[in-house]
Structure formats: C-alpha cells, structure tokens
Amino acid sequence: MKKISVLDRILLFLTAFISAYYVVNGLEKYQGIVTLYFTIAFGILIITVIFLILFGFEILNEPIIVVVATFIPLTFSLGLIYKYLREYHLFYLIFSIGGFLIILLTRYLTSKKVATLALIFVHGISGVIIFLLPIFIYVKGISSFYFLFVGIGGGLISFKGILLSSLRLTNPILAQNRINSLIPKLLFLASLGFVIGLSLE
Amino acid sequence: MKMINKKLKFYWIMIKPFQTGLLLLTGVTGFISSRCLVINFGKFSGLILSLLLTIGGSTVLNMVFDRDIDLKMLRTMRRPIPSGKIRAKEAFLIGIIMCIIGLILAFSLSFLYGILIFAGILFDVFVYTIWLKRKTSWSIFWGGISGAMPILAGRTLGIGYIDTIGIMFALSILLWIPTHIMTFNMLYFNDYKKAGIPTFPSKYGFKNTRVVIALSSVGASIAIGIGITALGLSWGYLRLLAILSAGLFGLAIMSVLKPSEKINFGLFKYASLYMLIAMLMTAIGSVS
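Line order of the protein sequences matches chains A and B.
When we follow the working numbering, the leftmost residue of the first sequence carries the number 396, and every step to the right adds one.
When we follow the working numbering, the leftmost residue of the second sequence carries the number 998, and every step to the right adds one.
Bear in mind the hints are in silico, worked out from the structure with no lab data behind them.
Please note that the accuracy of each hint is not assured.
Stated by the list, open to error - Simulated pairs of lysine to aspartate or glutamate, EDC-like, Cα-Cα distance not exceeding 16 Å:
| hint | chain 1 | residue 1 | chain 2 | residue 2 |
| --- | --- | --- | --- | --- |
| 1 | B | Lys1259 | A | Glu457 |
| 2 | B | Lys1255 | A | Glu457 |
| 3 | A | Lys478 | A | Glu596 |
| 4 | A | Lys535 | A | Glu453 |
| 5 | B | Lys1082 | B | Asp1065 |
| 6 | B | Lys1004 | B | Asp1065 |
| 7 | B | Lys1259 | A | Glu596 |
| 8 | B | Lys1255 | A | Glu596 |
| 9 | A | Lys397 | A | Glu482 |
| 10 | A | Lys507 | A | Glu457 |
| 11 | B | Lys1069 | B | Glu1087 |
Chain A extracted, bound-state conformation (with noise of 0.2 Å):
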C-alpha cells in the first residue's frame, strides 16, 4: 500500500488546522442544531485527517473509520437542510438515521458488495444534497456567490467517499494507490471549500 508522503501530511496538517479554525472561530453564528450538525461533520473530518496523519492510508481499511466517516457528509447536509429548507428536516433525518443504521449493518451482516452499494447510495444523497443545495440557494438569491465552494466541497467529499468504497468493488472506479494519493488532495480542497462558503455565504 501506498506510504502517505510528506506532501499527503502538510495537505492534511493544513486540512485539520482549517476545520479547526472553523470549528473554534466560525460555527457561533449557527443556531443551536445546526451548530451541532457541523461541529459533528468538521470534527469527523478532523479526526479522520489525524488518524490517516498518524496510521497512514491503512487506516481507511477499518470498517468502524469507514461507518464513522458516512457521518460527515450526512451531518452536514442536514445542516444545510435545516438552515435552507427546514421543512424537509424531519424527513431527511429519518432517512439519514435509516441510511446510517442500513450502512452499518449492511457493513457487518451482509456481503462486501452490499454493503458497499449501501455506503454508495448514502453517501451518493447526501453528496448530492451538499451539492445541489448551494446552487439553489444561490439561485434563490439567499446566498452570495462564495456559497458554492460549498457544493464544491460538498462535491469533492462525495467523490471520496465512493472512490473509497468502490475499493471494495470488483473493478474500483481507480486502482488503491491512486485513490490513496487523491484521498489528501480531494480532503484538503473539501474543507477548504467548506470553510471559504460558510465563511462568506
């Protein structure tokens, strides 16, 4: 397996050091729950940077890292539902607790290849959400144009989510080795993005 590089660790370090900036500086604004929702998502975030900091890519091979880190973009497309579009709340948080619980059986109870498919799919909605959903507040009106980085970030966190399960597919989207020097690169321009829409949304 790939060795993480010295470059990985500065991207990482940098990707930790924002999120955290973020999370001390930047969540006061929010009310309470949504407050909540993205303390849960940056600080997955952050310890998932440290874990790979300290283990290495190997890490992402632990099933438990795997069933924690579907929390970070679902936490925070519930955010930003109930911040933009509070009366899909509720239902989007029945369907975030259904989609958690099927991943984290699916993970232990069933075949690789399910459980897989079921990470894609929870990852793929609430991707999608995080994505699609600063556009249309932006077209709204309601936000200024620095809110699409994060549908950018939204965007990037998906694409390594399922980069990462595909691993477990027969045929993965890219081979390990390349998935693991993008996982740094892709981790680094999410948060960023993250950081830079919050901010100035």
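Dock chain B against the given chain A, drawing on the hints supplied.
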C-alpha cells in the same frame, strides 16, 4: 570546541527535548491561563528558564539513577550514560546544578511557585525514580504528580495562589500520563520485563491496562474540559476539545476491542498530540 559540541549534543539527548518541551509548554500555558496582569519579560523568561532547568535537570538525574536499567533495555541502551559517552558522576553533577539554579530562580520569582517546583523534583527523582519505580507498577501515579506540577506552578505564579482551575489542569496531566506511559509499557513490554521494572501490563495484563488507558483518557478529557470551561474560554474551544477528546476516547476503545501494536503506538502519539493541542488552545484562548 568539538568536544563541547559533542557533550552538548549528549546532554540535549539526556534532557529528552520532546518530553521537556511538552512539560515546559504546560507550565507556560498554566501561566498564560492566569491572564496575569503584570507580565514582564523578567518574570516570563524566569518562568521558562526555571522550568527548563528543573525539568531538564531532574530528567538528567533520572537517567543517572536509571543507568543500570537503561543498559538492559534495547530502547535505552544507547543513551549517553549506559553507552559510556557521559560519565554518571558528571551527569549527576550537571543534573544537580541545573536543579539548584532552577530552584533558586523559582524561589526568587515566588515562594509558592518555588515550593511547587521543588515538589515536582521531589516526586520525580526521589519518590518515582529512586523509591518506587523498581518496586511497584503504581509508581507512574507519583511520576504523574510530578508531571502535573509545571502547569500548576505556572498558573500559581500568575495568580499568586493555588485555585481549582490549576488543580483541574494538573489533574488532566496526571490522568493523561498513564495513557502516555502505559502505551509505552505495552509497546516495549519485553524491554521492561528484561530490566525487571514492574509495569501495569506485566502486573494486570494487557487487556486491563487498555481499559485503564481508556478510562484515564476520558478522565483527562473531562478534567481539562472543566478547567477550560471554568477559565471562561469561548464555546469554540470547548467544541474543538470535545472533538479531540472523542478521537482520544475512540482510539482508546479501539485499542481495547481490536488491540495491535500499531493502534497502541497510534494512541501514544495521539495522546501527545492531544495534550499539545489542548495546551496551545488554552494559551491562545486565554489571550484572545
């Protein structure tokens, strides 16, 4: 000149720069957390110098008293004293001089601060290293008390008395130290066994040790959380601390449920990083 450089290099190794640096940082954080109204260059540099000399000096003294053990352990046998690069008598003298100068400086800054620094040396060198390290696996508790002294001393120097926040910060270090040392004990289990040092893993087994690590990491997180809350730091810092604590706890749980050398070493590194970030956060949060 070459000779002096070489000696300095050996002494640099002997003061364990990373460990001393981390303890120094806790002391400085304790001081900054006091938001001391009268911060001047003399007081601040006196704090740094006194901590550096006493922590470094007591570490050198520990190496003198542990030289026979160090020689038996693969991890430590190349240290300057067991490998014969520095004579034990010379190191003893240097260690004593460093401690005495550090203590004079500490007492000149504040009597209470000096007492706490003296207590730190006493617990570290005499109670932990000389008296209990070879007798009981519980010696790390006393080592932990000495490790907790710099942050308590730093805060006490700033506010002039010992308060609950200082005690909470000290407690967090005291509880963090088992996470740090016991992971090390498991990682170098055979080394410690060979040297005849009683450790938690050798006395209570790996499984129980991992449970203790998990519990102590939760305790350390709670203690520092209470300290930071009582200090009045913003919610942002508490959120970040909660996140990092969740990571620490998660890793400790992983080490219990799915033990491996890699997870153990990762926990060891995470615990150090956790404390480093918690200290930086407290310091930055106190002045911002």
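Structure-based check of each hint:
For the hint linking Lys1259 (chain B) to Glu457 (chain A), the alpha-carbon distance of about 13 Å falls within 16 Å, and the restraint holds. For the proposed pair Lys1255 (chain B) and Glu457 (chain A), the alpha carbon gap of about 10 Å is at most 16 Å, so the pair holds. Between Lys478 (chain A) and Glu596 (chain A) the alpha-carbon distance is near 12 Å, which keeps this suggested pair within the 16 Å criterion. Our distance criterion of 16 Å between C-alpha atoms is broken by Lys535 (chain A) and Glu453 (chain A), whose separation comes to about 43 Å.
Under the criterion of a C-alpha separation no larger than 16 Å, the hint pairing Lys1082 (chain B) with Asp1065 (chain B) is consistent with the structure, at around 15 Å. Proximity of Lys1004 (chain B) to Asp1065 (chain B) is assessed by CA-CA distance (about 21 Å); at most 16 Å being required, the pair is judged violated. With a CA separation close to 42 Å, the supplied pair Lys1259 (chain B) and Glu596 (chain A) exceeds the 16 Å bound. The suggested pairing of Lys1255 (chain B) with Glu596 (chain A) is violated, with an alpha-carbon distance near 43 Å, which exceeds 16 Å.
Proposed proximity of Lys397 (chain A) and Glu482 (chain A) is contradicted: the alpha carbons are some 45 Å apart, above 16 Å. A threshold of 16 Å between alpha carbons decides the hint, and for Lys507 (chain A) with Glu457 (chain A) the separation of about 13 Å falls inside it, so the pair holds. Of the pairs offered as hints, the one joining Lys1069 (chain B) and Glu1087 (chain B) is violated, with about 21 Å between alpha carbons and a cut-off of 16 Å exceeded.
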